[in-house]
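Enquirer: The lines below spell out each chain.
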Amino acid sequence: MTVRALERISVGQNGLGAFILQCKKMDIHYCDQSGSSRGMNAFIKSQLSKFASLHPQIEFAVSPRPRKHPVLIGHYINGKQKSICVKNMDSLQVLKKAELLRDASGEKTKRVNKPITSINESVRGVWSPYHGKGMPV
Amino acid sequence: MKRIRIGQLSRQWLATTPARSPTTTTATTTASRVSILLLLSRPAPAPTALHAQIRCQSTTTAITPEAIFDEPESKESKEPPEESASSHQANSPLPSPHPDKALRSAKLASLHARLSLSSKIPLPTLARALVDPSADAHPYFNNANLAYVGASRLQYHTSEWLVTRYPRLPMDIIFAAMKSFAGEPALHRVARSWGVEAAGAPGEEVDPGYLQFAKDKPSVMMHKWGYARAEAKELVKYKWRRGMSSRVVFDDPFGNTIPPKKTNEVEVSDARNTKELLMEDAEKNAHANFVRAVIGAIYLHCGSDTTKTFVKSHILSRQLDLSNLFEFDLPERELTRLCDRENFDPPVARLLSETGRLSRTPVYVVGIYSGRDKLSEAAGANLLVAKRAAAINALKAWYLYSPGHVGLPSDTFAEDAAPWKPAYVDIGEIIS
Amino acid sequence: METRQVLRPLGSLKHTTPSSAVTPVFRSVASRRHQSTTSRTKKALKLPPHPDFLTPQSGQNHVIFNPPAAAPSVYHTPFKFLPKSDPRRQANLSQLLRSSSDLHTSSRSTELPPPMSKLEMRERKYNVTKEQVEEMRQLRAADPATWSVLKLAEKFNCRPYFVMICCKASPEHKEMENKRLEDIKSRWGTIRTKAREERQKRKELLLRGAL
Chain B
1 MTVRALERIS VGQNGLGAFI LQCKKMDIHY CDQSGSSRGM NAFIKSQLSK
51 FASLHPQIEF AVSPRPRKHP VLIGHYINGK QKSICVKNMD SLQVLKKAEL
101 LRDASGEKTK RVNKPITSIN ESVRGVWSPY HGKGMPV
Chain X
1 MKRIRIGQLS RQWLATTPAR SPTTTTATTT ASRVSILLLL SRPAPAPTAL
51 HAQIRCQSTT TAITPEAIFD EPESKESKEP PEESASSHQA NSPLPSPHPD
101 KALRSAKLAS LHARLSLSSK IPLPTLARAL VDPSADAHPY FNNANLAYVG
151 ASRLQYHTSE WLVTRYPRLP MDIIFAAMKS FAGEPALHRV ARSWGVEAAG
201 APGEEVDPGY LQFAKDKPSV MMHKWGYARA EAKELVKYKW RRGMSSRVVF
251 DDPFGNTIPP KKTNEVEVSD ARNTKELLME DAEKNAHANF VRAVIGAIYL
301 HCGSDTTKTF VKSHILSRQL DLSNLFEFDL PERELTRLCD RENFDPPVAR
351 LLSETGRLSR TPVYVVGIYS GRDKLSEAAG ANLLVAKRAA AINALKAWYL
401 YSPGHVGLPS DTFAEDAAPW KPAYVDIGEI IS
Chain A
1 METRQVLRPL GSLKHTTPSS AVTPVFRSVA SRRHQSTTSR TKKALKLPPH
51 PDFLTPQSGQ NHVIFNPPAA APSVYHTPFK FLPKSDPRRQ ANLSQLLRSS
101 SDLHTSSRST ELPPPMSKLE MRERKYNVTK EQVEEMRQLR AADPATWSVL
151 KLAEKFNCRP YFVMICCKAS PEHKEMENKR LEDIKSRWGT IRTKAREERQ
201 KRKELLLRGA L
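Residue numbers (the UniProt record's numbering), protein chains in the order written: chain B, 1 to 137; chain X, 1 to 432; chain A, 1 to 211.
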């Protein structure tokens, strides 16, 4: 037995194979009295049921917070959460924010300066000075 | 969170909550999948409290314990679920949530939708998959049976994929690759990536959408997931040698021995689950069992094709560089044996290029040739290192041969499948 | 590629031809003014495309053969390692013909790159007879201190490795040798000890393919 095995764990990449929506829960807080929640209340009345039925993957929790601004809080699979204050927004703007939370991955926003990031090995391999015939310049 | 009533909204949403029928298997209406959690000021309705102590699992018709526990002595000890449930005192809490609660759990419905499970799989089954045997010992209400079915399907699909895709892998590497795809640490990560949360402690009052296992109790593993050797005690005590080829027949699917059964085990469950083993990491074990149980549930409710697609998309799509699994001992000798066995010319090492021989950091590129064919090459800081690395690369190139995307044996199960073309079978690993 | 071709007409590519490859480049470097401006830098960095990427005179479609300047991957199975049933074996006709012609012509080692060292090239000689092996064993058993492995190898004109295969030293001698080695090791300073430890670590890493 000259070959022995090392233990490794396979790495999953979301979307390669199956896609799991990263937003797992959305908290929706509103206030019945204050004017800053007017758009939020309209959103809950008119659009939330449709939005929720379109996204059965997300658990929605609607609860009032009297005398507070309305807030959308997204909970993500990686354990992080994102909250957006939607005070004084109209219902369409709130819907936009809800969609933003739905599409987020939960990661911290970071600068992406490469078009593609991949854990795959390059098809042409790592350049080495000892290979290839080179080109006279 | 404060529970209060939302005046106008609650009325319209209450209409969408499904009618609660205790034993129905098709209770999952599309409306119930819309997972809106209503936080109402009212307590739980009275009918729930009435039949709270009589649990009927929706999956009991689909999966009977006889299918898995086929020992004769288990027949006598088995009781109908109603009797065993009623043997609980009326005021003693159930060990796990009532199956009816599954239909009203937003968390569970969202998990069902997140995994894109078919509507054929009822929510109570998914809720049952979330109950570890350490939380609820009753086999009708925990996921042990589902996980057993799921594990066998998962390991079948993983191993057939590995063997047909890389027919020359040595047995040890196949075991390691199996473990890195379908082993406990990998399945733990899969469950975490599905967004499954663990409950703080199992109990009746827990939302059925949480994974329930007892951290303080030792977790259990089904004994029949492999073959326990008769000499298992001596293996541990005297450190007997355990050959690789015997692991193919005995032991668990990852080549590890199943430890011998202890005489006085810790009491973790009912008399039915006598054949159980203690696991080290309760959390990992519970998460892995959940993934297996979901696969088992898919197999029982949707059939083998759906199971295969699910395993392929969630487990086999994960990435693993098989060339990182190898650890060699005597690569040069093994390569010579290989060339001898295959009637190739004996391998010779030749210097392809070099730089800085007299400097502090020389680099040599050494190629290994058999006859006129180059088998491999590698760079190294001295000649012997480069030669050894080249021999390792040659062996990896041999072992990692792949015939490409050839069909799997399970493809032929379909009705209109093409007849099976035999896959390439290697004569075996190199013995030196 | 297209824009580069336009910017740099084909006439300027003539120095890439192998006949006049060296001298014009050196001349242009020597005569370059050393006041760098944006346009000069840009001009200097404008490389012509690789000749493979240019459309040939005939204007026909052609295959670009541009192998990567990288060490080959282990997932690329060498031709010799492909099983008989593999379709890639039949597809690669040139290799197939070459390997079949190999069988007829015997010594092709001259076409291979140079050997790593002279030791690689020496022929195996099977010159030690059975009686000599017996004698070797007797000598080694009688006086292992005098008849060391190296001495025996010199006497019987074989490799030390062969001597070690034939003879087995007594446990006392092994213990003595080990003790001597330990004494030597105890005299090592920190630098040498550390260097030896790291060498061992590198060896293990190499066998795991992690170096």
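The hints are simulated quantities; they were obtained by calculation from the structure and are not laboratory data.
In this text, a Cβ means the ideal position worked out from N, Cα and C, and glycines have one as well.
Possibly wrong hints are sitting among the right ones.
What the hints assert, rightly or not - 30 Å max Cα-Cα, derived DSSO-like pairs, lysine-lysine: (1) LYS45(B) to LYS96(B); (2) LYS114(B) to LYS203(A); (3) LYS203(A) to LYS239(X); (4) LYS114(B) to LYS125(A); (5) LYS374(X) to LYS133(B); (6) LYS43(A) to LYS374(X); (7) LYS42(A) to LYS133(B); (8) LYS80(B) to LYS374(X).
Claimed, not checked - Beyond 10 Å from chain B on every Cβ pair, some chain X residues (computed): (9) ALA106; (10) ALA109; (11) ALA113; (12) TRP161; (13) TYR166; (14) SER180; (15) PHE250; (16) ASP321; (17) PHE326.
Enquirer: If a hint holds in the structure, say so; if it doesn't, say that too.
Expert: Now the hints, each set against the structure:
no.	hint	result
1	LYS45(B) to LYS96(B)	16 Å, holds
2	LYS114(B) to LYS203(A)	37 Å, violated
3	LYS203(A) to LYS239(X)	27 Å, holds
4	LYS114(B) to LYS125(A)	60 Å, violated
5	LYS374(X) to LYS133(B)	17 Å, holds
6	LYS43(A) to LYS374(X)	42 Å, violated
7	LYS42(A) to LYS133(B)	26 Å, holds
8	LYS80(B) to LYS374(X)	52 Å, violated
9	ALA106	5 Å, violated
10	ALA109	7 Å, violated
11	ALA113	3 Å, violated
12	TRP161	12 Å, holds
13	TYR166	13 Å, holds
14	SER180	5 Å, violated
15	PHE250	17 Å, holds
16	ASP321	8 Å, violated
17	PHE326	6 Å, violated
Checked against the numbered hints listed earlier, the structure breaks hints 2, 4, 6, 8, 9, 10, 11, 14, 16 and 17; every other hint is satisfied.
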